[in-house]
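So the chains spell out like this:
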Amino acid sequence: MAKIDLVKLRKTFGAFVAVQGLDMQIVDGEFLIMLGPSGCGKTTTLNMIAGLEGASSGHILFDGVDVTDAPPHERNVAMVFQSSLLYPHLTVRRNIETSLRHSKITDAERKRRIAEAARMLEIEPFMDKLPGHLSGGQRQRVATAKAIVREPSVFLLDEPLSALDAALRLSLRSELVNLQKRLGTTTVFVTHDQVEAMTMGDRIAVINGGRLEQIGTPDEIYNAPSTVFVAGFLGSPPMNLLEGEVSGGFFRRGQLAVPVTGAAGKVTLGVRPQDVLVVEPGTAGAMPVTVFAVEHLGRESVLIADDEHGAKVRALVPPGWHARVGERLAITPEPARCLLFGADGNRILEPLARAA
Amino acid sequence: MAKRSFFLYLAIAVAIVWSLFPIYWFCRMAFLTPDQIRLFPQPFLPGVFELGAFYNIFGYDYTYAAGFSTGASGQSNQIIRGVFNGLFISGVVTVITLIIVLPLAYVFARMDFRHKEKLLFAVLLSVALPPVSTLIPFYSMYVQLGLTGTRFGLILVTLTITVPFVAWMLIGYFRNVPPIERLARIDGYSRMSCFLTLILPLSKSGIAVAAVIAFLFSWNEYTYALVLVNGTSANTLPPAISGFLAQYPEPGNLAASIIVTIIPPALFAFFLQRHVTEMSLVDPVR
Amino acid sequence: MAVGSADQAIQVSTPTAKTRRREMSDTRFAFMIGLPVLAFLLIVVAYPLGYSIYMSLHQIVFFGGYRVTFVGFKNFIDVWSDKSFINAIWVTLRFTIESVVLTMILGLLLASIMNQQIRMAGVVRTLLFLPWCVSSYAAGLMFGQMVKGQTGIFTTIAFAFGGTQGVDLMSRATVVEVLAVANAWLMAPLVAFFILANMKTIPKRLYDLAAIDRLTSWETFRYVTLPPLQFSLFVFSSITTVLSMKMFDMILVMTSGGPGTASATLTYQIYKRSFKDLNLGYGAAMSFYLLFFILGSTFLIYLVWGRRVSR
Chain H
149 MAKIDLVKLR
159 KTFGAFVAVQ
169 GLDMQIVDGE
179 FLIMLGPSGC
189 GKTTTLNMIA
199 GLEGASSGHI
209 LFDGVDVTDA
219 PPHERNVAMV
229 FQSSLLYPHL
239 TVRRNIETSL
249 RHSKITDAER
259 KRRIAEAARM
269 LEIEPFMDKL
279 PGHLSGGQRQ
289 RVATAKAIVR
299 EPSVFLLDEP
309 LSALDAALRL
319 SLRSELVNLQ
329 KRLGTTTVFV
339 THDQVEAMTM
349 GDRIAVINGG
359 RLEQIGTPDE
369 IYNAPSTVFV
379 AGFLGSPPMN
389 LLEGEVSGGF
399 FRRGQLAVPV
409 TGAAGKVTLG
419 VRPQDVLVVE
429 PGTAGAMPVT
439 VFAVEHLGRE
449 SVLIADDEHG
459 AKVRALVPPG
469 WHARVGERLA
479 ITPEPARCLL
489 FGADGNRILE
499 PLARAA
Chain D
-6 MAKRSFFLYL
4 AIAVAIVWSL
14 FPIYWFCRMA
24 FLTPDQIRLF
34 PQPFLPGVFE
44 LGAFYNIFGY
54 DYTYAAGFST
64 GASGQSNQII
74 RGVFNGLFIS
84 GVVTVITLII
94 VLPLAYVFAR
104 MDFRHKEKLL
114 FAVLLSVALP
124 PVSTLIPFYS
134 MYVQLGLTGT
144 RFGLILVTLT
154 ITVPFVAWML
164 IGYFRNVPPI
174 ERLARIDGYS
184 RMSCFLTLIL
194 PLSKSGIAVA
204 AVIAFLFSWN
214 EYTYALVLVN
224 GTSANTLPPA
234 ISGFLAQYPE
244 PGNLAASIIV
254 TIIPPALFAF
264 FLQRHVTEMS
274 LVDPVR
Chain C
5 MAVGSADQAI
15 QVSTPTAKTR
25 RREMSDTRFA
35 FMIGLPVLAF
45 LLIVVAYPLG
55 YSIYMSLHQI
65 VFFGGYRVTF
75 VGFKNFIDVW
85 SDKSFINAIW
95 VTLRFTIESV
105 VLTMILGLLL
115 ASIMNQQIRM
125 AGVVRTLLFL
135 PWCVSSYAAG
145 LMFGQMVKGQ
155 TGIFTTIAFA
165 FGGTQGVDLM
175 SRATVVEVLA
185 VANAWLMAPL
195 VAFFILANMK
205 TIPKRLYDLA
215 AIDRLTSWET
225 FRYVTLPPLQ
235 FSLFVFSSIT
245 TVLSMKMFDM
255 ILVMTSGGPG
265 TASATLTYQI
275 YKRSFKDLNL
285 GYGAAMSFYL
295 LFFILGSTFL
305 IYLVWGRRVS
315 R
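Protein chains in written order, with the numbering used here: chain H, 149 to 504; chain D, -6 to 279; chain C, 5 to 315.
Calculated from the structure, these hints are not laboratory results. Where a beta carbon is used, it is the ideal one built from N, C-alpha and C, also for glycine. One should not assume that every hint holds.
Claimed, not checked - Interface residues of chain C toward chain D, partial, derived using beta-carbon atoms under 7 Å:
| no. | residue |
| --- | --- |
| 1 | T31 |
| 2 | F33 |
| 3 | L45 |
| 4 | T130 |
The shape of chain H in the complex, shown without the other chains (with noise of 0.2 Å):
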């Protein structure tokens, strides 16, 4: 168990700077995504916590002592790498107990654990074979084993899941959760996946390029992103940005119209796809747009059009509705459901007029 704390924590790899002055907290017992796209710096971090890559500047604490520099198995982390790296040569029981090296425990206690890693996980039946006879959801099972079974204080996870395919990710996922929260060990879990990170974490730190973007719940991060790039990150279908100009009360885009408060100037609005309302064409205030596509999830379906500018725009649909490709429509999103980002990228706090 234990509390992480990251204070201006900064690395560069020559000219390259991979991750700018991050400060962060990872509260006890919590499962911490870190979410962003490729090459933002998100595994770099990981493997700062977990001494891998030394800092070029910052500290990094654990539970209030600097371990900044202290060599990876003295902070007593456990870590599963992508792909879930094993040890090819050794057999599944050998790479478990490499984990436990340089814990000072009886023998008996050590056998005890990995025999309830073992169980936990449900690979004794293989306990003897090597990876490479194992199939990837087995191989992330023996990962995830041979993490547990030095009952670190932290659990760091790089991309575990992203090897495999898609039904095997989604029940691995919730075994990921549901262990963690038996064990009540601090997790980091590193994914550019947004579904997972939604649907894993207790708070989602967000990174883009080297910084912290937000840190938050995911009802936070979801329906109060704080910034353009959070809210564009998030949600699936990803939420409407559409860049325009606030005059006069109104957020004006061509034809398109809401009211809102707050300071004239150029500025990006937001609006998720379930707030999107589609209306007559010529509707006052509404932005005509050509159907490009309608997307049938089952539950509901997302019309996708293109506006006069050519950009994308999404609304979800009743499940029987439909249009034709090339149809001209028009939409209009729901006010007072409305984010608006300055030219900063930062949203701009209760800028909405509202609905009257």
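Please arrange chains D and C on chain H, whose structure you already have, making use of the hints.
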């Protein structure tokens, strides 16, 4: 399908004939009587199936079933010595090469450090140095140090051939080993113990191939041996055999000794061929 | 002033606050392991190079008392008016290009054969690997004996079909080709095995795809098998180029540069100048040109090919 497999087996047959015929045509002479060797044109098939030539090169007279006999070769001392020196020197060279090269190749393949490119260039440059150019410098140094005619001297100079070549080969191999170092560091292995207890056992194939290549280079090395140890007690097989050319030409004995030189590497090759398919140079992970 | 020096004293007496990482850094580990090898390489590369530079700038005379005279770049300039040197460049070029092209084609063919599903694959592989177990001097002996009019296989075949004359391929016109074939015979198995290892990494699905697209065997080879092999082919083209240009003992044993100077490569000329004529400075100057050609040609291969395929 039948047509395809016919052509396939034809191709295999052609490939085998191509690979073996030059060896066969030469080694055939070990099984020809002295009279048959002088025939023009040469007979396609061996004439006698007796090991007379082999007895001769190892210093024994031999009487063929047909009644005539051949005497022990004058080169037999050199041949016997050559076999033992060759095995000893090649064995030592192989071991030392591996001890030097394994960590070196590993470091070059898996780690980033300053001046890496320059050092790598030095390794490659030493592959490119032709032995004819380095022969005189080495010879003159050896004369001054009293290393000519010693096994130690030949081992040293042979290492200059094996080390760069094997290093180059193993660098490619280690690049393909899965990145288990990170896992090992989490598990608390030091860099050295990770290398010794994890990477090395994992790289058995690569080490096997590297060992065979080092052995072959050393076993077959001719130019340096000819200049540095020929005619001394440290002589190896290749210069000893070339004695057959210069002095009294006995093609049968020459062929028999060539067969002797091929046997150890051929045994190695048999064990090697299973491992060598894992020696891909292309990186599958990154 | 006094304050300043007191500050300095404090700084010196307190060790740096930050304790260094107790784990060894990559650089330190690399140098710890690399240092002995570095020393070794210094001997391997620097010593002979330095000695050769020294020799190439001097005229070394053995007869009538050992004398060394500094002559500057005279040796380097003189070789260009030496017919045997110019001839040697052409012979080396011809031998190298033929060797490399033959070796790569043979290597690809052998690898393709070994990559098929066949019975007794282990035995076939061992047999095809055998030429590489033969040393280059033994290969020289074998091919020499095989193509000479007196002892050659071609004479035997010719007589079997009613011929009355020996067939001698060790002639002025064909001797370089014979050497190149022998060299390719020797090097092809090594190339084939590395290419085979690479072929094994090509996903089977690509071949299924090729079958669906109805590619012919040649098209499959050209568009499925060949592209992933580019890097290996490039590496081995460079390696075989270096090995061919360095090749010496096979030529010495098989032809001694003959007939005439028809197979006198640069390595053979260097040997002749240095060891037979005992003109060490001149030979050393030649060997620098050889080294230059070796590095130049590998660099050229890299420029026109390697840059595109190496990542």
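The hints, checked one at a time:
1. T31: holds (4 Å)
2. F33: Hint on F33/C: holds, closest Cβ of chain D at ~5 Å, below 7 Å.
3. L45: holds (5 Å)
4. T130: Holds, about 5 Å.
In summary, this structure violates none of the numbered hints.
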